[in-house]
Structure formats: C-alpha cells, structure tokens
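Number of protein chains: 2
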Amino acid sequence: MENLIQPKILKGFRDFLPDAEIKRSILIEKLTTVFRSFGFVPIDTPVLEYSEILLRKSNGETEKQVFRFEDNGGRDVAMRFDLTVPFARFVAEHKNELYFPFKRYHIAKVWRGEKPQAGRYREFVQCDFDAVGSDSVAVDFEILLMMKTALNDIGVEDITIKLSHRGIFNRFLTKLGLKDKSEDILRAVDKLAKIGKDETTRILTEITLNESVAKEILRYIQGSDTFESTLALMEEMAGGEAEDTKRIRDIYELMRSLGIEKSYKLDPSITRGLDYYTGVVYETFLNKLPSIGSVCSGGRYDNLAGLYMKDRISGVGSSIGLDRLIAGLEQIGLDKQSSFIDAEIFCLDEKLTSHYMQTAQKLRTYGISCEVFPDAKKIGQQYTFAEKKDIQFGILIKQEDADKNVLTLKNLKTRETFENISVEEAAKKIIPNLKN
Amino acid sequence: MENLIQPKILKGFRDFLPDAEIKRSILIEKLTTVFRSFGFVPIDTPVLEYSEILLRKSNGETEKQVFRFEDNGGRDVAMRFDLTVPFARFVAEHKNELYFPFKRYHIAKVWRGEKPQAGRYREFVQCDFDAVGSDSVAVDFEILLMMKTALNDIGVEDITIKLSHRGIFNRFLTKLGLKDKSEDILRAVDKLAKIGKDETTRILTEITLNESVAKEILRYIQGSDTFESTLALMEEMAGGEAEDTKRIRDIYELMRSLGIEKSYKLDPSITRGLDYYTGVVYETFLNKLPSIGSVCSGGRYDNLAGLYMKDRISGVGSSIGLDRLIAGLEQIGLDKQSSFIDAEIFCLDEKLTSHYMQTAQKLRTYGISCEVFPDAKKIGQQYTFAEKKDIQFGILIKQEDADKNVLTLKNLKTRETFENISVEEAAKKIIPNLKN
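Just so you know, the sequences run in chain order U and E. Going by numbering that gives the first Met the number 0, the first sequence opens with residue 0, and the numbers climb by one from there. Going by numbering that gives the first Met the number 0, the second sequence opens with residue 0, and the numbers climb by one from there.
Pulled out of the complex, with its shape left as it was, chain U reads as follows (with noise of 0.2 Å):
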C-alpha cells in the first residue's frame, strides 16, 4: 500500500467549511445586490500578472509579501495582492472600451505572504467599488450613500462613517510651513485614535521642533461637536473657503436632503495615510464595536492609472474588509444564517425514492430549497443531519401517505407537526419562513 499523503494545507491559508461559507455568500450577496441597485458593474482581472504591472509603485514592504515566481515561460510573475493596481491596469488598458464615469465593483481573493496571526491571513477576500472618470460631487456623495445602504443592507445600522478631506488638511499644513513634513505628519495623527492626545502631541512636536505648532494640529484634528461647526473649524484654520470645504458642504447638504447624516461624521483626524488619495477620506466604524477598527476605508484620487498611461483619471473608491467585517458580525450576533436549504425530505422507505423526488420537485417550484435524504438509515441520525446542517422543516412521508398524497410536516426548531397535509399546504406553511 502506498503511504498517505497527510491533508493538511498552507500555514495562512484556509478552507472554509459550508458554515462559513455560507455565511461569506450571504454576506457577498447582499453587498452584490447594493452595488447592482446602484448601477455598479461587475469586472474580473486575472490573479497572476506580470510582476513589473503589479510592483511597480509598491513599497519594499509589499515586495517581501508578494508571492512572486518564474511561469514555465520564464516570465517574472507574481499574484495580486489588492484589486486597485489590477483595476488602474485594466482602466488603463481597456479605457477605449469602457463608458466614463465607470463605475464597478469588484469581489475577489487576493494574497500577502504577511506573518500569519489572529485575524491575518494569507488569501483573503476584497470587496472593492470606484467611479472613475467623474469630478462630481454627486459620485463623492453616491459612495458615501452606498456604504451606509450595503451596512444597513447587511443587518448593521448603528455604524459611524467618519470622513474628511485631505485638500483641506493640506492648506492648513501648507499655511502652517510644514507641507514638506506633511507626510510624517500624516502618519501621526492617523494614530490619534489608538494611542491618544498626549502621545500624538509629543509625537508631533518631534517632527515640528515647535509645541505650540503641535498642539494646533491637534487642535484641528479634533475638530468641534457638530458636523456643521467643525467644518468651520477646518475652514478657518486652514485659510478661508475654497474648493476643498465647499465639497464637503455640498456632501453635507446632500445627507441631509436623504435625512442619513446622523451616520456620519466630519472628523479631520481621518487621513487615509497614503500619497493616493486626494479629495476626500472616509473610515467606518460599528458603533457597537469600534476596536475592531474600520471595516469599509476609501476615498477620492486624482490619477488612477498614471503608471500606465498618460491621461489622468480621477475617481473615488471603497474598500470592505470583509474577513474583518465577518469578525466583527459574528462578535455583534448578526450571523446567524447559516443554511440555504429549508426542508429536509427524511427516508423511511428506499422503495419511495420516486415519491420524496417528486415532493422535492414540487417544492422547488415553489422556492423551497429541498433536500432528500438518499438512505434509510435510522430516523434519529437523520434528524441530527437536519439538525447540524441547520435545515427548518422536516417532511416525513410513509406509504400510506404517498398512497393518499399527503405528508407529515415537521418544524424542526418549535416542533410543531403538521400531519395529513399536502404539499400545496406545505409549501405554504414553509414560504414565510424561507431563507433565500
């Protein structure tokens, strides 16, 4: 006999079991279903691309992550590690092809050889949405509005979308003297939040040699109570209306007009670290559990694709981290679907396999998802298959009941029993309770 090869997979990677599958589908589904509503379109790139297309930009510590190889035709190739750098490609690529604004959503795994820990992982799913190619603020406004409908759409309503503009941040540093330490500064008070005032302060006065010129940041980056005064705020510190405040004011007007402004927030000490990003900014956080830190990040930038092609194309974008966004369902308690079938036709005689398929049949023309237990194996180890895989209702059919075309109808979580029934009165009864 050969040896066994031991089953085991890559440190970093995982399987996921019907469970949690089931769990990512619905969640896939439902964001799908939000973005389509709004007239986003689907596109697919491939997972491997020339090394030079994805690497280009990235940082040495991207490089180190990548998992990047020589094909069979010795071509330097490595997998995505993000959906942006594939989408600049593909803009850049197919831009005579596409119709602007171009707005599209895009579900997909990627790969970083990141240190596998506790909520890391090596192949994860990215849930990415842009429109490119429009200036307006109706697009600025539309992804805003598009993340609090997939939350809400997915059963979360108390979340705090925090945004802001790094126009705005940028005339203030500027006025400040200090936009060539812009970076640096940006850095710091992307921290604010996780270790607090004082440390941001000490932090800032590093880099501005000057306490009082970092405790001004500070005081900018804290902002006021209101939506309204802290635009102000903002305004006034960073040198008097302009393009930048007037974008954020018609937002505002806009979530006001929809009556959904109470999700957001102005805040200025979001920053969105990175060189990209332009315009503005935005983090979300669920109110019920803002450790786990955002779970829906973007914001507006001015050229998509300038490694790949001359023109400029502008566009605003989100990103869900949707392993983190599933974390965070399940520590809240809003997971708990986790079977797509609904009924479980259980066997108790072989001989009417024609019968239970024919039940079945009817049932699905119904919606009802349906299965049929293939053996007769003893009754009690087929209600705990029902029971494990989550199913609701159970239908029992003897002999005598195939002989008079009804059947038995059990609830399988009040057990309550329907007996003598049909499978018109069945369906009925299992319709309200139907989980697709």
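Hints listed in this document are in silico derivations from the structure and should not be mistaken for laboratory results. None of the values given here were measured: they were computed from a predicted structure. A portion of the hints provided could be inaccurate.
One copy or two, it doesn't matter: identical chains are merged, so the pair holds either way.
[Unchecked claim] For lysine to aspartate or glutamate, the following DMTMM-like pairs were computed, each having C-alpha atoms within a straight-line distance of at most 20 Å: (1) Lys10 x Asp75; (2) Lys108 x Glu20; (3) Lys108 x Glu28; (4) Lys10 x Glu227; (5) Lys10 x Glu51; (6) Lys161 x Asp18; (7) Lys245 x Asp301; (8) Lys434 x Glu28; (9) Lys287 x Glu329; (10) Lys397 x Glu20; (11) Lys178 x Asp14; (12) Lys108 x Asp14; (13) Lys196 x Glu349; (14) Lys403 x Glu349; (15) Lys387 x Glu113; (16) Lys190 x Glu20; (17) Lys387 x Asp157; (18) Lys10 x Asp70; (19) Lys7 x Asp310.
Using the hints, position chain E against chain U.
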C-alpha cells in the same frame, strides 16, 4: 517624467469587461440557485496548496502544466489545477466535521499552463458538484436530475445527457478476456464520435489483435434504439443481470416517474476515459451544438480520498465547463442579458442632484436598480452612455418637474414615453421589465 509601463496581461489570461462578467455572473447565480435548491452547500479551499498534495497522483502532463514555485518560506507550492484534488484533501482533512452524505458545490478558478489556443485559457472557472458518502441510487439520480435542471434553468431546454456504466463495460471486457487492455480500449471507444466507426474498428483491432472481437466491442458501444433495448443489449453482452444493470434500470425508472426520461440516452460509448470512475458515467450535449462537446460530465467513483486517508469514501459528481458552456450559449444566441441596471436617471441640472438621488432611492425600494448620471453632460452623450450599458429605461426630471414631484419615463428600447408621472407610477411601469 517616469517611463510608462505598458498595461498588458499574460498570454492565456483574460480580463472580463462588464458585458462578459455580467453574463458569467448571471450564469453562475442561476447554477448556484439550482444547487442550493437541491440541498447542496458551498465550500472553499485555498488557491495555493503544497505541491505534494496536488500533484502526487497526477501524470507528467499535469506536472508540466501546473503553476508551481517555492514560496518565500521555502515551501514547494502550486496553484490548484482542478477542484477535485482539493475536494479529496478537504474531505480527508475535515471528515469529522462534515455530515454525510455530504453534498457540496464549488465554483472557482483553476490554472493550467496549457498552450493558449482558441477557447483554451490558462485561468478558467470550474463548477463542480458532488455528493459523497452514499452509494444510493437516489444520489446517482439526483445528480442527473440536477444537471438537467441546471441547464434548463439557464435557458437550454434542448439537451441530451448520455449515460453509461463503467461496471457493465468492465464485465463485458472481462468476458472477452480483455480486462488487462481496458485502458487502451476505453481510450479508443471514447473517440468514436470524433473519428467514426471504421477508424475505431481499426484501432480496436490493433489493440485486441482480433477483428471479430473489435466488431463485437463496436456492437456493444453502438447500443440500440431505445434506453430499454440498449440496456437489454448491454446486459446480454456483459453476461446477464447484475448490480450494475440493476442500477441503470433503477435510474431509468426514477427518470420515468418524474417524466424526464426524454432528456437522457443510454449510450455505451460514454466511458469518461479516467480510471477514477467506477459506476455510472455521463456527458451532456447541446442538441443544437453537439460539436462543442460535453458541457457537463461526471460519474460515480468509489474511493475519493484514498491518497489522504484509509477510509474509502464513495461518491458521485459532475462538473460544468463554464467557459465552453458560455461559448455555446453565445453561438446559439442564449446570452441576451448584459445589464443589471434597469433605469438611468439623466442629469439635466446639477442643482437637482439631491432630487435625483432621492428619486433613485425611492425606485430602489421597489427592487429597481438605477443609476444617477453625475454630470450635466449633453443629453445625447447621456443617452449613448445608457444605450451602451444596455439600460432599458431613462428618467428625465427638470426643475419644474421636481417642483411638481413628477418625472418623464422613457423606454429607451421602444422609445415609448410617459410624461408627468409620479415615481410610484414609474416604478409600476418598470417592474414588469426588471432584470434581477
């Protein structure tokens, strides 16, 4: 200025632009709905696995085609080239966490470094569904029923699922004293449809060194007129009734009891070459386009995970060649839908953005997908945009319409126009045309 990088993808890989990706998504969603309605559950496995796991059983041909490399931790890893090997590893690894019979579907990308040619890609999607842990005829039949249902539900009614049984064929070959040559014979028989009777007879004569035996094999694989007469012929030539012929007969009875037998044909030339299969085997052809080959094939096997564990787990499964199916649907004109968006709200006045957004939100509550054009571009440009995106309805709202809370709805395909109607009235006209 930096040099630009030419935006290009690897040979044999593809971008999916919205039109193609929408078609692929629709297909996958319809298939998924069918799988779930039969109680099949989704799983996922990593794209990268230890090469030892993926390649142990493979022949030299697979090894040459696989994307295999050493990762940053010095591990010998490979990208999966099918979904069967990972499924076997998955079942062996998680056998104590699964409930048997375990019925799963898995729709995901796989990679093979094949020579790129028409219709052959290095990255493609496989769609597998298997039921393991039951020898019951109910499961054999269910997979066959699902194959028909899945194809019918994506709009393909006119199909033939050809089936046979490896056990009967084996008995027949054993009776002829040719058991040791069965692999060569299977390979020759598999080509009957492609190379014709004469050439098949010639090859079979070469293998068996006996023309009359070759003709006997040809008589077997050509079968007879009807399901029943073919079964009688096979049974007689294989040496009488046995478990294998009883299984085919039971399957046929189930087909008849559900009134679906016309879609199936007993065809003894179907063997599915591989050693892997041990029971029923099948292939599916589009009657309007048999030349593209089988779009859905599979069969029963008796030892899924023998490389990874001692327990034998039998099962039955099938796989849809999604790319081939999509190509086939295109050729027979069954790939009409290429938009998820029902309505475009044109931008006639940027000051009305908030009103447009509110109107869109109201329409979405009716399940209508609609997008708001963000910029007040020339209306002709906006029409062209909506047309290219295959959007059926356009909505026009001027300031005076907004004041009166009415709008103009235009069917962009028929040019039919409804003026001065409310959002609710517009929704009622759009709903019968909903794409989702």
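Just pull the numbers of the violated hints for me, sorted ascending.
Numbers 4, 6, 10, 11, 13, 15, 16, 17, in rising order.
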